[in-house]
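Chemist: Chain residues, written in single-letter form:
There are 2 protein chains.
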Amino acid sequence: MPTQRANGWPGLIEAYRAYLPVSDQTPVVTLHEGNTPLISVPAIASEIGKNVKVFVKYDGLNPTGSFKDRGMTMAISKAKEAGSAAVICASTGNTSAAAAAYAQRGGLKPVVLIPDGYVAMGKLAQALLYGAKVVAIQGNFDQALEIVRAMSETYPITLVNSLNPYRLEGQKTAAFEVVDVLGDAPDWLCIPVGNAGNITAYWRGFKAYFQENRASHLPKMMGFQAAGAAPLVLGTRVYEPETLATAIRIGNPANEALALQVREESQGEFNAVTDAEILAAYRMLAAQEGIFCEPASAASVAGLLKVKDRVPANATVVCVLTGNGLKDPGTAMEQDGQSFHQGVPAQMDAIAEIIGIGS
Amino acid sequence: MPTQRANGWPGLIEAYRAYLPVSDQTPVVTLHEGNTPLISVPAIASEIGKNVKVFVKYDGLNPTGSFKDRGMTMAISKAKEAGSAAVICASTGNTSAAAAAYAQRGGLKPVVLIPDGYVAMGKLAQALLYGAKVVAIQGNFDQALEIVRAMSETYPITLVNSLNPYRLEGQKTAAFEVVDVLGDAPDWLCIPVGNAGNITAYWRGFKAYFQENRASHLPKMMGFQAAGAAPLVLGTRVYEPETLATAIRIGNPANEALALQVREESQGEFNAVTDAEILAAYRMLAAQEGIFCEPASAASVAGLLKVKDRVPANATVVCVLTGNGLKDPGTAMEQDGQSFHQGVPAQMDAIAEIIGIGS
Chain A
1 MPTQRANGWP GLIEAYRAYL PVSDQTPVVT LHEGNTPLIS VPAIASEIGK
51 NVKVFVKYDG LNPTGSFKDR GMTMAISKAK EAGSAAVICA STGNTSAAAA
101 AYAQRGGLKP VVLIPDGYVA MGKLAQALLY GAKVVAIQGN FDQALEIVRA
151 MSETYPITLV NSLNPYRLEG QKTAAFEVVD VLGDAPDWLC IPVGNAGNIT
201 AYWRGFKAYF QENRASHLPK MMGFQAAGAA PLVLGTRVYE PETLATAIRI
251 GNPANEALAL QVREESQGEF NAVTDAEILA AYRMLAAQEG IFCEPASAAS
301 VAGLLKVKDR VPANATVVCV LTGNGLKDPG TAMEQDGQSF HQGVPAQMDA
351 IAEIIGIGS
Chain B
360 MPTQRANGWP GLIEAYRAYL PVSDQTPVVT LHEGNTPLIS VPAIASEIGK
410 NVKVFVKYDG LNPTGSFKDR GMTMAISKAK EAGSAAVICA STGNTSAAAA
460 AYAQRGGLKP VVLIPDGYVA MGKLAQALLY GAKVVAIQGN FDQALEIVRA
510 MSETYPITLV NSLNPYRLEG QKTAAFEVVD VLGDAPDWLC IPVGNAGNIT
560 AYWRGFKAYF QENRASHLPK MMGFQAAGAA PLVLGTRVYE PETLATAIRI
610 GNPANEALAL QVREESQGEF NAVTDAEILA AYRMLAAQEG IFCEPASAAS
660 VAGLLKVKDR VPANATVVCV LTGNGLKDPG TAMEQDGQSF HQGVPAQMDA
710 IAEIIGIGS
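So the sequences go chain by chain: A and B.
Using my numbering, the letters of the first sequence correspond one by one to residues 1 to 359.
Using my numbering, the letters of the second sequence correspond one by one to residues 360 to 718.
This is chain A alone, in the form it adopts within the complex (with noise of 0.2 Å):
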């Protein structure tokens, strides 16, 4: 990669403009979101050997903390060119704060339903802080997802969930970022699936520059769910869906249909991997390569080293880690704690015998 100084990215939407659904009437509402590092892996590498190239893309360095910034420029941006003075979502995690921040920033009010009893404040302290309005009604998430998409079409209220039409041509961009940077598409693009947006985004942005021959080929799509909440693995709706990768903890993806027709065109896989596959890929990746990601991430580099076997010789594979490891310090904090020695005492011998070196 050639030297280069800081050159102050605009944001996603200034910087792929042509291919996104704005105009010049379009208000752009930006915390400078995309760029973000596709960083080498040698070490996932050479788990795989074949002289197989690996990265990841660390959306997780979005300016939220992860890959629902590139969507929620756009449906921000988009619902204040509409005029909307407020947007909903249902949403726990990721979106909320996604949500929240854009609106905020664009003097848009923010409101988030959540399911009434739910109790892990960490990860709606986010939002709130943004200014969210956060309402827990009683009923669970189901119902708070058709009353975000039944208000939205009664009320001058924007829906800025998954069914968001902006959101997935936000997303996309990030593919068009791989393929600037490598000089082509992978040959394998893996990546967590949950609601399903973010694979059928990229694959639209494969498919964007594929067409106006800035990319070769197109990649190997290759969708990773977990194993307690894989419907499109199984082919099935999972009713109770159980991982400790909250971000893809989804039974019923919103947009399975996309996903599906997206498999078939790129001619990849859906597989599932395990919770224990999940963190020991996200303990290798921060004690491997430093990179600290969010669990679901995780999903995208085990499924990965689940199939090398498969990986073609001298193949280039992309993974997506969609997350900030930071979003979720409570599983980092549960992990094995064997480094961590208390009551030593002052002095150097003593700590030099610890930490295995000699004078």
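Don't read these hints as lab results, they were simulated from the structure.
These figures come from a predicted structure and were not determined experimentally.
Check the hints yourself; a few may be wrong.
Output of the computed footprint for chain B on chain A, the stretches with three or more beta carbons under 8 Å from beta carbons of chain B [said to hold, decoys possible]:
1. 4-10
2. 49-58
3. 135-147
4. 162-169
5. 175-184
6. 250-258
7. 316-330
Idealized CB from N, CA, C, for every residue including glycine.
Once you've looked at the hints, dock chain B against the given chain A.
Modeler: Below, chain B without anything else, positioned relative to chain A:
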């Protein structure tokens, strides 16, 4: 700013190699740190008026979530070049995370010393997950600092605390990025001050660019300390520093002499901001600009607002936000929960009333 595509920022050593003490023999250990967004903050600017333009340098979007990555890519690369197999620091916060991530990525063993009885595991979870060996000694933080220094002189282990000279070299690249993006130096640079390393590093960067005519002038360096930990404002060591802005809770700055020189050379100032002022700026950044930073980071904005009457008309001001708000979920959760409504009936009209919209 011109339209552009992603072009694969290579990390700050490659980008600013000509300004850094590296050679072709230096093994560059990078997570593609740097090139963080410079984001306009119009709500803060409008508090000042006078056609002042205000930007924040959001260094919380570095790979481990703080500006420490800038120094650590240098410190670890140079330690590896020197043949070191391990690095050591005393830190309970951002330094330990950065040291652990870069050391592990570079194949060096990271060791973190902390005082015994330190219970805020959340702050250490990141370093532990990256694979640091954490040693809690029977002593206080000053003793931990003393021991890591002594150990680096006795054993084959490299000190990566703030005394490591390469840290400031890496950190000065943030000033390069500001000038490269703005096209010139800002008139004021507002920055939180704890150990006073970062203000020293920025000044070094601005001076280097000024000397080769990349900037037409030098900024006034405005350092802000927390009122309970303001040795540079008081002119005397603070033995029991106290502030919720833990990243700048330092009573005896390692770089005091350098910082006083920066103040003199730049005709700058050190001022103190209270924890209440810090929290007000922290909430304002989140709720009005959509930017979530560590409490200590908000000291730069709190300080700017405190001295706003002295900002020259038409000035360009950059406030440095040193860390990601996700580093400190506790403070976010403790803020005002007035926007959280529980037990609401799952009915559109009840929800519409709460959020204040009519059909």
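Chemist: Has the region 135-147 of chain A got at least three residues whose CB is nearer than 8 Å to a CB belonging to chain B?
Modeler: holds (count 8)
Chemist: Count the residues of the region 162-169 of chain A whose Cβ falls closer than 8 Å to any Cβ of chain B, and tell me whether that reaches three.
Modeler: n = 0 at 8 Å, threshold three: violated.
Chemist: Given as covered by chain B, does the region 316-330 of chain A meet the bar of three residues or more with CB within less than 8 Å?
Modeler: holds (count 5)
Chemist: Taking beta carbons only, do three or more residues of the region 4-10 of chain A come closer than 8 Å to chain B?
Modeler: Satisfied; 7 residues make the cut.
Chemist: Report holds or violated for chain B covering the region 175-184 of chain A, Cβ cut-off 8 Å, minimum 3 residues.
Modeler: holds (count 4)
Chemist: Take the region 250-258 of chain A, compare each residue's beta carbon with every beta carbon of chain B, and decide whether three or more fall closer than 8 Å.
Modeler: n = 0 at 8 Å, threshold three: violated.
Chemist: Quick check: the region 49-58 of chain A, covered by chain B? Criterion 3+ residues, Cβ under 8 Å.
Modeler: violated (count 1)
When held up to the earlier numbered hints, the structure conflicts with 2, 4 and 6 and fits the remainder.
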